[in-house]
Amino acid sequence: AQSVTQPDIHITVSEGASLELRCNYSYGATPYLFWYVQSPGQGLQLLLKYFSGDTLVQGIKGFEAEFKRSQSSFNLRKPSVHWSDAAEYFCAVGARAAGNKLTFGGGTRVLVKP
Amino acid sequence: GAVVSQHPSWVICKSGTSVKIECRSLDFQATTMFWYRQFPKQSLMLMATSNEGSKATYEQGVEKDKFLINHASLTLSTLTVTSAHPEDSSFYICSATRLDTSNQPQHFGDGTRLSIL
Numbered sequence: 001a002q003s004v005t006q007p008d009i010h011i012t013v014s015e016g017a018s019l020e021l022r023c024n025y026s027y028g029a030t031p032y033l034f035w036y037v038q039s040p041g042q043g044l045q046l047l048l049k050y051f052s053g054d055t056l057v058q059g060i061k062g063f064e065a066e067f068k069r070s071q072s073s074f075n076l077r078k079p080s081v082h083w084s085d086a087a088e089y090f091c092a093v094g095a096r097a098a099g100n101k102l103t104f105g106g107g108t109r110v111l112v113k114p
Numbered sequence: 001g002a003v004v005s006q007h008p009s010w011v012i013c014k015s016g017t018s019v020k021i022e023c024r025s026l027d028f029q030a031t032t033m034f035w036y037r038q039f040p041k042q043s044l045m046l047m048a049t050s051n052e053g054s055k056a057t058y059e060q061g062v063e064k065d066k067f068l069i070n071h072a073s074l075t076l077s078t079l080t081v082t083s084a085h086p087e088d089s090s091f092y093i094c095s096a097t098r099l100d101t102s103n104q105p106q107h108f109g110d111g112t113r114l115s116i117l
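Protein sequence lines correspond, in order, to chains A and B.
In this text, residue positions in the first sequence follow the working numbering: the first is 1, and each later residue adds one.
In this text, residue positions in the second sequence follow the working numbering: the first is 1, and each later residue adds one.
If you're looking for bench data, these hints aren't it; they were derived computationally from the structure.
A portion of the hints provided could be inaccurate.
Here are the simulated EDC-like cross-link-like pairs (lysine to aspartate or glutamate), alpha carbons at most 16 Å apart as the crow flies [to be verified]:
no.	chain 1	residue 1	chain 2	residue 2
1	A	K101	B	D27
2	B	K41	A	D8
3	A	K101	B	D65
Coverage of chain A stretches by chain B, computed from C-beta distances (three or more under 8 Å per stretch; other residues unrestricted) [stated by the list, open to error]:
no.	stretch
4	40 to 49
5	93 to 101
Every residue gets a Cβ at the ideal spot worked out from N, C-alpha and C, and that includes glycine.
Work the whole structure out from these sequences, hints included.
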């Protein structure tokens, strides 16, 4: 069975500082990996995805993530955070063999200090 | 990116009524749509998988007679919460994807907040 762990429930970061959100997954084969962002009361927006190939993935809004197979991780990073990045971030794992069903991590709430 | 529209965005209704939520993929044909439920400050819980032209597949513990799903076309899936009660109050989110195209992520709607009085 697939599982996703986001160890940090909350992260507070100052505007302009760097951000890293951790994600660890458990899956028998090479998974599809995703990061989504959710603003309060809204749906999820896809930040980036990994299916295969280059393990460093670039996404929207200046985010990137690196797939590390040996560590079963897919951490999300941004060099300089903006106040508008305050939101809930979800890591998710899926697989074509599972009908592209996603398993989500518990989420990390990012607070940005001015 | 792909656009998924969900309607209505907010519903308040009396206990015992049925509520229908629509999920539309606006710019692509979705072979598969997913319905999720999200409780406050929690992650998304998959309720069911909806494939066009076939019966939905429900996750364990989800009552299929309570949550009726119809996927009549490649652009529309509906979730009907029948005889809704206060415990059904939640945030419901749909997503759409194509399974016959490789590397297609799920695209999410903006969600529907359902409040049962």
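Consistency of the hints with the structure:
The straight-line distance between the Cα atoms of A/K101 and B/D27 is roughly 21 Å, outside the 16 Å bound, and the hint therefore fails. Distance check on the hinted pair: B/K41 and A/D8 sit about 14 Å apart at the alpha-carbon level, within 16 Å; holds. About 22 Å separates the Cα atoms of A/K101 and B/D65, which puts this hinted pair outside 16 Å; it is violated. Residues of the stretch 40 to 49 of chain A with a Cβ under 8 Å from some Cβ of chain B number 7, which satisfies the need for three, so the listed coverage holds.
With a cut-off of 8 Å between beta carbons, the stretch 93 to 101 of chain A has 5 residues touching chain B; three or more are needed, and the interface restraint holds.
Of the numbered hints listed earlier, those contradicted by the structure are 1 and 3.
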